[in-house]
Structures are given as structure tokens and as C-alpha cells.
Amino acid sequence: MIKRHPEPLLWMLFSAGGMLSGMLMPVLLLMFGIAFPLGWVAAPSYEAIAGLMGNPLTRLVMFSLCALSLFHWAHRFRHTLYDGLQIKHLNEVIAVVSYGAAVVGSGLAAYLLWQLG
Amino acid sequence: MSHPVNHGHVYTDYHPRWLRRRVSTYWWLEKPAYFAFILRELTCLPVAWFAIYLLLLIKALVDGPAAYAQFMAWSASPWMILVNVVSFVLLVFHAITFFVAAPQALVVHLGRTKVPGQLVLLGHYAAWIAASAAVVWLLVRA
Numbered sequence: 001m002i003k004r005h006p007e008p009l010l011w012m013l014f015s016a017g018g019m020l021s022g023m024l025m026p027v028l029l030l031m032f033g034i035a036f037p038l039g040w041v042a043a044p045s046y047e048a049i050a051g052l053m054g055n056p057l058t059r060l061v062m063f064s065l066c067a068l069s070l071f072h073w074a075h076r077f078r079h080t081l082y083d084g085l086q087i088k089h090l091n092e093v094i095a096v097v098s099y100g101a102a103v104v105g106s107g108l109a110a111y112l113l114w115q116l117g
Numbered sequence: 001m002s003h004p005v006n007h008g009h010v011y012t013d014y015h016p017r018w019l020r021r022r023v024s025t026y027w028w029l030e031k032p033a034y035f036a037f038i039l040r041e042l043t044c045l046p047v048a049w050f051a052i053y054l055l056l057l058i059k060a061l062v063d064g065p066a067a068y069a070q071f072m073a074w075s076a077s078p079w080m081i082l083v084n085v086v087s088f089v090l091l092v093f094h095a096i097t098f099f100v101a102a103p104q105a106l107v108v109h110l111g112r113t114k115v116p117g118q119l120v121l122l123g124h125y126a127a128w129i130a131a132s133a134a135v136v137w138l139l140v141r142a
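Sequence order for the protein chains is Z and Y. With my numbering applied, the first sequence corresponds to residues 1 to 117, in that order. With my numbering applied, the second sequence corresponds to residues 1 to 142, in that order.
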């Protein structure tokens with residue numbers, strides 16, 4: 001019997017998350033984390049941003065961004081602890097906690113975005 | 001065959017154990033390239049942080065205008081600005097290193113010719129600029 005290994009699936013999620021977060025996160029962080037708070041650009045009103053986020057396409061992009069980015073983090077974090085700190089004996093615990101957090105975060109993202117509709 | 005010295009040890013004939021030196025926990029401080037590698041790996045932390053930040057923003061939008069105003073005030077506190085500026089620098093490093101690695105994983109063919117890796121990389125940068133411009137346009141127009 002061929003043993004199915006989860007690594008290719010986890011790598012695909014890591015890869016998709018890395019690509020999407022690379023494309024969208026710098027600009028979103030620049031706007032929401034720096035430009036709006038420092039007043040470089042006027043922050044959108046509640047109605048405007050809620051309207052933008054109410055769009056199903058925006059919500060789909062936001063869900064993919066949050067969920068895939070968390071899986072990207074989980075995969076990279078696990079491997080960094082493994083390679084960088086050489087914490088091999090805790091590998092299984094770290095994997096369960098990392099991917100588990102990504103699953104919980106994705107569920108939370110789906111729940112919150114669903115409520116926004 | 002007997003191994004009088006090695007009672008209790010199992011040695012298989014065709015699978016020798018290589019001699020491996022124990023690598024220092026701080027091996028990534030030895031060369032700039034190693035440090036860049038570990039820095040690239042650590043960009044996963046701001047990626048996770050910003051995913052949480054987005055979830056908090058969405059939660060504030062669900063809770064209403066007062067919660068949104070509170071989130072924006074919180075994001076303007078000096079500590080948050082500092083965390084987000086550091087995160088922004090690391091996120092840009094993440095984006096660039098990820099796009100640079102992309103041609104290794106993504107081999108594009110046009111007909112029978114392979115598209116050069118540099119062109120695939122340029123495509124990623126073009127998409128990055130377009131996506132960023134679209135987000136800024138949407139947010140400024142809103």
C-alpha cells in the first residue's frame with residue numbers, strides 16, 4: 001500500500017499563501033497599518049469600507065488571503081523551528097499546534113466574513 | 001561474525017551511518033546568506049500577524065461604526081505603528097524573496113519554448129504593481 005503523505009498538500013497551501021500574501025499584504029499593511037493611522041491618506045468611512053467588504057468578491061479574496069496566509073505561516077514556522085532551532089523532538093506537537101491554529105483562524109475568517117454579508 | 005565489543009548494537013551491512021558533526025543552534029549567524037535565509041523564514045511571523053490584524057479589522061466592521069473607530073484609534077498608537085512599520089519591511093522582503101523563488105517552481109512554456117525565468121519574475125513584479133495599484137484605487141475611492 002502506498003502511504004499518503006500530507007507534505008505536498010501542505011506545500012501547495014504554503015505556496016499559494018506565500019503568493020497571495022506577497023501580492024496583497026504589503027499594500028494593505030501600508031494603507032491600514034501606516035498611511036491611514038498617520039493621516040497620510042484619509043481613512044475610508046465606516047459605510048464606505050463596510051460597503052467594499054460587503055462585496056462577495058472582496059470577501060472571497062479576504063477569506064483566501066487570511067486562510068492561505070495562515071497555512072503559509074504554519075508551514076514555514078514549523079520548518080523554521082525544525083531547521084533553525086533544531087527542535088526535532090517536539091516536531092509533532094509543533095505541527096499539530098501550527099496547522100491547528102491555521103484551521104481555527106480560517107474558520108474564524110469564514111464566520112466573520114459570513115456575518116459581514 | 002561476532003562483534004565482541006558491540007553487544008546490543010545492530011549494524012546493517014549496506015547502510016553505514018555517516019559521521020555527522022552536531023550543528024550549532026546559531027549556525028545561521030555564521031554567514032550573511034544563512035542569516036538572509038533565516039530572516040526570509042521569519043517573515044512568516046508578520047504574514048501571520050497581518051492575517052490576525054485583518055481578522056480584527058473585519059471583526060470591528062461586523063461590530064459596527066463605534067468598533068471600527070476604536071480599531072482605527074488603536075492602530076494609530078505608537079506601538080502599533082512601530083510593529084506595523086517593521087512588519088511592512090519584512091512583508092516586502094517576503095514578497096520579493098517569494099517572487100524571486102517563483103521561477104524555480106513555475107516553469108512556463110509558450111508553445112515549445114520555455115519562457116526565461118527572468119521574464120516569469122518580471123511578470124510577478126508587474127502583477128504585484130497592478131494588484132497594489134488596484135487596492136490603493138479601491139481604498140482611496142471609497
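Because the hints were derived from the structure by calculation, they are not lab data. Please read all numbers here as calculations on a predicted model, not as lab measurements. The C-beta atom is built at its ideal place from N, Cα and C for all residues, glycine as well. Some clues are possibly wrong.
What the hints assert, rightly or not - Here chain Z is said to cover these stretches of chain Y; the calculated rule only asks that three of the stretch's residues, wherever they fall, bring their Cβ under 8 Å from a Cβ of chain Z:
#1 30-42
#2 57-69
#3 75-82
#4 112-122
As the list claims (entries may be wrong) - These stretches of chain Y come out as covered by chain Z in the derived footprint (C-beta under 8 Å, 3 or more residues):
#5 86-94
#6 98-105
These are the hints, each one checked on the structure:
Residue count for the stretch 30-42 of chain Y with a Cβ under 8 Å from a Cβ of chain Z: 3. That meets the three needed, and the coverage hint holds. Remark: the stretch 57-69 of chain Y is confirmed as covered by chain Z, as 9 of its residues place a Cβ nearer than 8 Å to a Cβ of that chain, reaching the required three. Check result for the stretch 75-82 of chain Y against chain Z: holds, 4 residues qualifying (beta carbon to beta carbon below 8 Å, three or more required). A stretch counts as covered by a chain when three or more of its residues have a beta carbon under 8 Å from one of that chain; for the stretch 112-122 of chain Y and chain Z the count is 0, and the coverage is violated.
With 5 residues carrying a beta carbon less than 8 Å from a beta carbon of chain Z, the stretch 86-94 of chain Y meets the three-residue requirement, and the given coverage holds. Note: the stretch 98-105 of chain Y has 4 residues with beta-carbon separation from chain Z under 8 Å; the three-residue rule is met and the coverage holds.
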